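So the protein sequences, as listed, match chains A and B.
FYI, full-length UniProt numbering numbers position 261 of the first sequence as 261, with every residue one higher than the one before it.
FYI, full-length UniProt numbering numbers position 218 of the second sequence as 218, with every residue one higher than the one before it.
No lab work stands behind these hints: they were computed from the structure.
Certain hints may be false.
[Claimed, not checked] Which residues of chain A face chain B? A few of them, derived with a C-beta cut under 7 Å, are:
id	residue
1	THR133
2	LYS192
3	ALA275
4	PRO357
5	ILE558
6	CYS562
7	PHE569
8	LEU576
Computed from a prediction, not measured in an experiment: that's the story for all the values here.
C-beta atoms are modelled at their ideal positions from N, C-alpha and C, and glycine is treated no differently.
Chain by chain, the residues run as shown.
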Amino acid sequence: MSRFLSISILLLFVLHVSSESAGEEEFTEELLFRPLPDRKVLSHFHFESRAPPTNSYGHHHRLFPKAIYQLVHKYRIKQMELSFTQGRWNYDSWGGFDPIASSNAKPPGVELWAVFGVPPDQVDASWKNLTHTLSGLFCASINFLESSTAYSAPDWSFRSLSGNLRYGSLPREAVCTENLTPWLKLLPCRDKSGLSSLMNRPSIYSGFYHSQRLHLTSDEFDPVALHGIMLEQTLTIVLQPDSLETHPSFSGSRKLQPSWSMSSLFGKTVDGKCALAKSSNVYVQLEGSLVYNMKNTWNSIDSYEGDSNFGFTVSPDRMMKEINSIDKEGYSILYGFSINNDHSSKPFDLGFWWKLPVTWSCVKAPLRVSRFLMGSGNEKGAIALSLQSTEWSQSLLKADNNGEKCNLRVDVFQLVPWYIKVYYHTTKIYVDGASQSLGDIIEKMSVSPSEDKVSPGVMEMILRLPCDMKSASLTLEFDKGFLHIDEYPPDANQGFDIPSAIISYPDFQTRLQYKLDTTSIKSPMVSKMQERRTILSYTEVLLVPLTTPDFSMPYNVITITCTVFALYFGSLLNALRRRVGEEERLRKSKDKSTGKLRLLLSKLSAKLRGKPWEPPSSTPPSSSSKFISTKVVIKIILIAAIAFGWQYYDG
Amino acid sequence: MAEISETMGTESSPPEETTNEHSKSSNFDDKTMRKTKPGLKRLILTLTVLFSFLLGLPWLLKSIEIYRSPLPFRDIDSLATAIDSKPLVFPCRFHLVFVNFDHSSSIKPKVDNLGFLVSSYMSEYAVSNSYCGTCDGNYTVSVSLDTGDNCVEYEDADKRILWKCGALSEFNFDQSDEAFDEYLQDTVGGSRVYTVVVVNTDQGDRLRAVVGKYRHAWVVGRVGEMNLVAEMAAEMFVKVFVSGAKDEGSIQGEFMPVGADGKIVLSFNLLNADPRDWVYDWDFKEVDEKLLAPTLEALAPIANISVESQVLYHTPKSSYSYWDDEQESHIFSTKDLPFFVNSNEWHLDTSIAAGGRSKILQFVVYVPSANECPLRLQLPTGEISVTNGFISPTWGGVVVFNPPNCLENANSMHPLRRKLSSQELNQIFEVFMGQLRQLFGLKSTGFYKGSSGTSVLLASERGFTEWELDALARQHACYNLQQCGTTLGSLSRLVQSLPRMIIKDEIGKQVKFSLEAAKLAQHNASQGICDASAVSSRHARSLAEDAFFHPSVMSISYYSFEHMFAVYSPFFLPLSLHVILAVVREIKRYKQESRKYAAWEALRKQHSD
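Let the sequences and hints guide you as you build the complete structure.
As structure tokens, then:
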């Protein structure tokens with residue numbers, strides 16, 4: 001009986017959950033702060049809007065942005081992610097293993113990928129239209145991704161979604177407020193109230209890293225639509241707090257981490273939650289290693305008050321501890337603060353201060369990846385991808401110490417523009433400085449070489465690296481191509497960007513699982529952290545200088561070759577119609593008569609000598625001078641006629 | 001080289017000959033005479049070079065020619081002139097029915113020429129409104145007289161529009177106008193004839209004129225003077241049925257809210273000025289299905305209409321209102337209306353679903369915040385607006401919705417969340433329907449005041465009555481054709497003025513189809529099928545616009561003739577100088593030498609004689 005009861009209760013619960021998920025539009029706003037080891041603070045805004053499926057809810061919404069709904073339906077988007085980033089995520093000091101780093105650390109510029117629910121032959125057309133619509137929607141030049149030389153269809157290395165996925169990125173796109181304003185327009189409260197009112201433009205754009213992301217998932221076009229469309233908007237900023245008040249007693253060697261508050265970071269406070277938001281929460285996350293390092297001075301972790309290393313200006317509403325931590329030593333702690341909507345209450349300004357100095361380091365990605373260029377000159381070069389082990393992979397070695405040889409799987413996805421002609425057969429792999437045969441290391445590799453002016457070169461690779469290696473590197477040689485004169489972008493001398501390569505570690509999945517107490521409300525951001533996701537990191541953007549021509553060159557070349565041809569042709573024609581004998585005879589007869597020059601000379605000498613001048617010979621020069629004058633007149637008339645004709649035609 | 005040496009030989013021979021024959025002819029002068037014929041080789045050579053250049057020129061021009069699809073310039077011009085010279089005129093048929101008139105009464109002789117009388121009155125009225133899309137001069141009036149037991153058809157009575165005799169004998173005139181309207185529709189409806197029924201009831205002293213929802217109107221009352229009735233009928237025909245009962249200063253064709261591609265997007269926005277005070281929500285799905293669908297169906301021939309909605313928050317208006325104690329409300333005066341719409345904060349937005357040339361009409365329900373509630377609009381006369389809304393031509397309309405009891409709710413701690421009830425929604429959408437009618441240039445009031453009396457206009461549940469739709473369709477057809485003509489005319493002028501512009505085949509096709517659609521529209525118009533004409537004129541216009549704004553037109557028109565000149569002149573200019581000078585010199589020399597030879601010939605002839 002009791003079993004039946006429990007089953008029925010479970011059934012009821014499931015029904016309740018499913019009806020809830022399909023029922024209403026929802027909007028939640030959240031903000032996460034995390035102190036970073038290098039005296040900076042990560043702030044991560046997370047907004048989520050949900051629209052129930054169209055077949056049950058219809059196409060009129062009260063919270064979900066109309067533009068996004070129309071976008072999803074017009075291009076049949078299943079999943080899409082667009083990010084605008086400025087600055088580079090510092091994987092070493094800001095971490096590379098946690099969910100925020102692997103989903104919100106993005107390559108500089110614009111990155112866009114989308115999965116379409118259309119037949120495979122229409123995917124490219126949908127992508128092209130989508131880029132144009134997005135560029136209009138977000139005031140960015142995303143439409144440059146329209147050209148088939150700018151995007152590609154990765155097969156398996158990126159997101160392991162095959163077929164209808166398209167990926168493209170614009171490394172040089174500058175990101176500024178004109179991109180943020182349309183992004184804010186998608187929020188029901190924009191930046192008028194709620195957490196988004198913190199976004200003071202000067203302070204968020206003066207940070208070290210700024211990444212604004214829009215992630216869409218929809219199951220509208222599946223046969224059974226359960227969730228509808230989910231729009232996730234995040235803004236990740238790394239800011240340096242002004243360390244004004246340093247504690248006098250710790251001014252020695254160990255410096256106190258800077259204290260911060262919302263008003264000191266952003267210059268603004270939160271007046272109240274967005275009236276439309278279902279929940280509005282602020283979290284402060286302390287990393288596992290930080291908690292571990294503080295343990296010595298911190299007796300009772302369960303209450304932050306008392307003799308802990310830090311303090312809040314507002315007491316937290318709840319505390320969540322990480323369970324099943326990957327880091328055996330410490331567990332991460334999440335402090336939650338709810339913002340309630342009271343007109344009367346004072347503005348919410350969360351502050352955080354340190355009482356004791358503490359140092360810690362973030363959990364890094366399994367490998368430290370960097371990519372650089374080798375070679376010099378404007379003709380050839382090589383791309384090198386260097387993978388260095390971190391302490392994390394060292395610990396892995398200790399852990400996995402059974403009989404088999406330990407392997408580390410690394411997926412590489414790299415997109416290279418066609419004017420960088422990569423010779424994939426020159427791939428070389430070095431492990432700890434020693435050259436290795438490709439077959440030993442590369443498990444799978446698919447390469448589509450670039451086609452001039454048609455498609456970029458795409459390289460997808462699965463590497464199996466031994467766990468005990470210190471460093472590995474992969475080099476590829478390339479030739480620099482020549483662009484057509486009108487294919488050069490403005491300021492071509494700056495160089496050309498090669499988009500970031502994506503390195504992922506499918507063997508490792510990151511999730512931060514927090515023990516949720518019953519009182520805590522459902523938080524999309526926390527549940528997002530609990531999702532398993534592959535660790536992903538982006539390499540640097542490469543700047544390749546190409547030979548740039550003198551852009552006035554074509555005209556110069558045309559002019560000089562034409563002149564040479566004209567000279568050659570004219571002299572040939574003259575040679576054909578010359579009469580050598582006759583000319584000689586004429587010259588002989590002319591020798592008798594004086595030339596014009598001699599006439600002038602004699603005149604001059606006569607004047608100098610002061611004698612009256614007399615013509616030296618009997619033949620009057622009038623005829624020849626007359627001949628010359630008619631010739632000149634004819635020439636002048638000819639030129640005038642050409643000029644007149646030109647003017648007439650032009651007019 | 002061989003040739004040169006050979007010619008050298010021939011050229012060098014004459015002086016030797018002269019020395020040899022010097023003894024023979026002492027008066028031979030080697031400056032003016034020569035004994036051999038001048039050679040043609042060099043002349044032919046230079047001429048060949050010149051001619052090969054001239055022959056090569058067309059080939060060169062052909063190779064640098066750009067592709068231009070042939071456009072039917074003549075057809076475009078003829079269409080443009082045809083539209084300019086005589087605007088689209090639709091044939092209209094009118095029918096005047098007299099019921100309950102005594103056949104033998106004094107009216108009878110006048111009835112004989114009543115048709116003529118009405119026509120003459122109509123031409124008087126028609127002078128003042130001779131704009132596009134009317135039945136200017138192209139109409140027929142037929143008159144029927146129903147005495148109850150027998151009927152008489154007068155004038156050029158069309159046999160197809162026979163009045164069913166005694167049709168109204170069973171009808172009880174005490175019923176409502178709507179019932180009579182339906183009854184008339186059953187008896188005379190179905191055809192495209194506009195009917196005015198004059199019923200003589202011998203009771204009451206005022207004539208009561210009503211225009212129905214379909215294509216007929218009726219005048220009930222004691223009919224005295226026949227001229228008065230004729231004038232009334234004529235005015236009804238011209239002012240109401242033909243021109244859609246518009247006011248003089250109403251919106252004309254060029255401000256019609258239809259996009260160039262024949263599409264309208266009706267974007268309905270519910271703006272909560274401050275959601276911290278209260279949050280209003282609506283069930284737009286229901287509105288869309290119940291209130292809007294019939295109207296959109298009715299307007300289908302005029303435009304392809306789609307509907308979308310959104311709810312926006314934090315959208316204050318951009319100008320201030322003042323508190324009026326007398327009205328107990330915040331007053332916003334009409335002179336500030338241009339500053340009501342706050343384009344900075346109202347992100348009404350264009351639609352992604354709509355194409356680039358679609359027209360978007362914004363309809364805004366503005367829910368004021370607590371500190372400006374209740375908000376009322378004040379007319380210039382000082383009265384308070386009944387609808388509490390206003391329109392902005394070609395932009396859309398705004399209705400202010402004041403939350404009930406807003407003064408009491410203002411101090412609540414939590415924002416009030418409410419859904420607009422269906423009754424409130426009905427009120428709002430009634431105003432929106434009136435605004436939509438105004439945006440289309442129609443009257444939003446239920447009566448028409450003419451010179452010969454006021455007539456009641458029955459409102460259709462679809463928002464637009466059939467005769468109004470006819471009038472709109474006629475105007476749209478005419479306006480669309482005008483636009484199509486001017487667009488195609490500009491395109492042809494542009495294409496002819498830029499000889500170095502590439503014209504793709506697609507543009508040629510679009511122009512061709514546009515012309516075909518325009519012809520179809522004209523044909524339909526001449527048949528009097530106004531909605532079909534409106535549809536095909538819409539196609540014609542959108543195709544013409546597509547051709548004019550084709551992306552390839554803009555990008556190529558910058559490739560100029562100067563560019564070509566700069567590329568080719570460094571080669572051809574010096575070369576042509578060489579070739580032409582060589583030819584000129586050779587010809588001159590040849591003439592000179594042949595003159596010399598002729599002189600020698602003459603001398604030799606003289607000697608031989």
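Find the hints from earlier in the document that the structure breaks and name them by number, from lowest to highest. Those not satisfied come down to hint 4.
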